[in-house]
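Residue numbers (numbering that gives the first Met the number 0): 0 to 151.
Hints are computed from structural coordinates only; laboratory data are not their basis. All C-beta atoms, glycine included, are put in the ideal place defined by N, C-alpha and C. Accuracy of the hints is not assured; some may be wrong.
What the hints assert, rightly or not - Computed Cβ-Cβ distance ranges for the label pairs, DEER-style: (1) ARG94 x GLU49: 32 to 40 Å; (2) VAL98 x SER1: 14 to 22 Å; (3) SER1 x GLY29: 38 to 46 Å; (4) VAL105 x LEU15: 24 to 32 Å; (5) LYS10 x SER51: 13 to 21 Å; (6) CYS86 x ALA59: 39 to 47 Å.
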Amino acid sequence: MSRNDAVAKIKKHLLLQREDLRSKIAEEMGLVFSPDDGINDLGETAAQVEQSELHTQLAALETRELVQINKALALIELGQYGSCQKCEKAIPLARLQAVPFTTVCVECQRRQEDAGESDDDAYSADWRKAYDHERRSNNAEYSVSDFDLASE
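The task is simple: from the sequences and hints, build the whole structure.
Structure representation (structure tokens):
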């Protein structure tokens, strides 16, 4: 497969991924809590706010990923996709297929990481934070037996 054919295949994949992310973002934002949802119970409200926060964080992460995909698609259109933005060498196809929105080769990525830099600080998605938040949320459930209800 030629490099141009591989890039065309990556572009098709990115377009599908972009549409999928757009749908997910719309869904996540539709699940965000509104104070006017008619919930009167304090416990229900707290749970709803917690879920709303999670959906907002997921939407933010997905939006960052969407920005990276749009950037990659723009580079494809400009004919600059697949060239390292640091050293200007061609990024190997295997890397582009694994991380289609990367803008640097492995060597430059390592140099950035060793220097304590990150690529596109504002847009690098931190899925670990979202996972940790979800884990904490699920472990935070209490039952009546967790509280001392005996009168003094």
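Outcome of the hint check:
1. ARG94 x GLU49: 32 to 40 Å: Since the Cβ atoms of ARG94 and GLU49 sit about 38 Å apart, the hinted range of 32 to 40 Å holds.
2. VAL98 x SER1: 14 to 22 Å: About 20 Å separates the Cβ atoms of VAL98 and SER1, which means 14 to 22 Å holds.
3. SER1 x GLY29: 38 to 46 Å: Holds, since SER1 and GLY29 (Cβ atoms, about 42 Å apart) stay within the stated range.
4. VAL105 x LEU15: 24 to 32 Å: 25 Å, holds
5. LYS10 x SER51: 13 to 21 Å: At 35 Å between Cβs, range violated.
6. CYS86 x ALA59: 39 to 47 Å: Given a distance of about 31 Å, which is not inside 39 to 47 Å, the answer is violated.
In the structure shown, a violation is registered for the earlier hints numbered 5 and 6, in ascending order.
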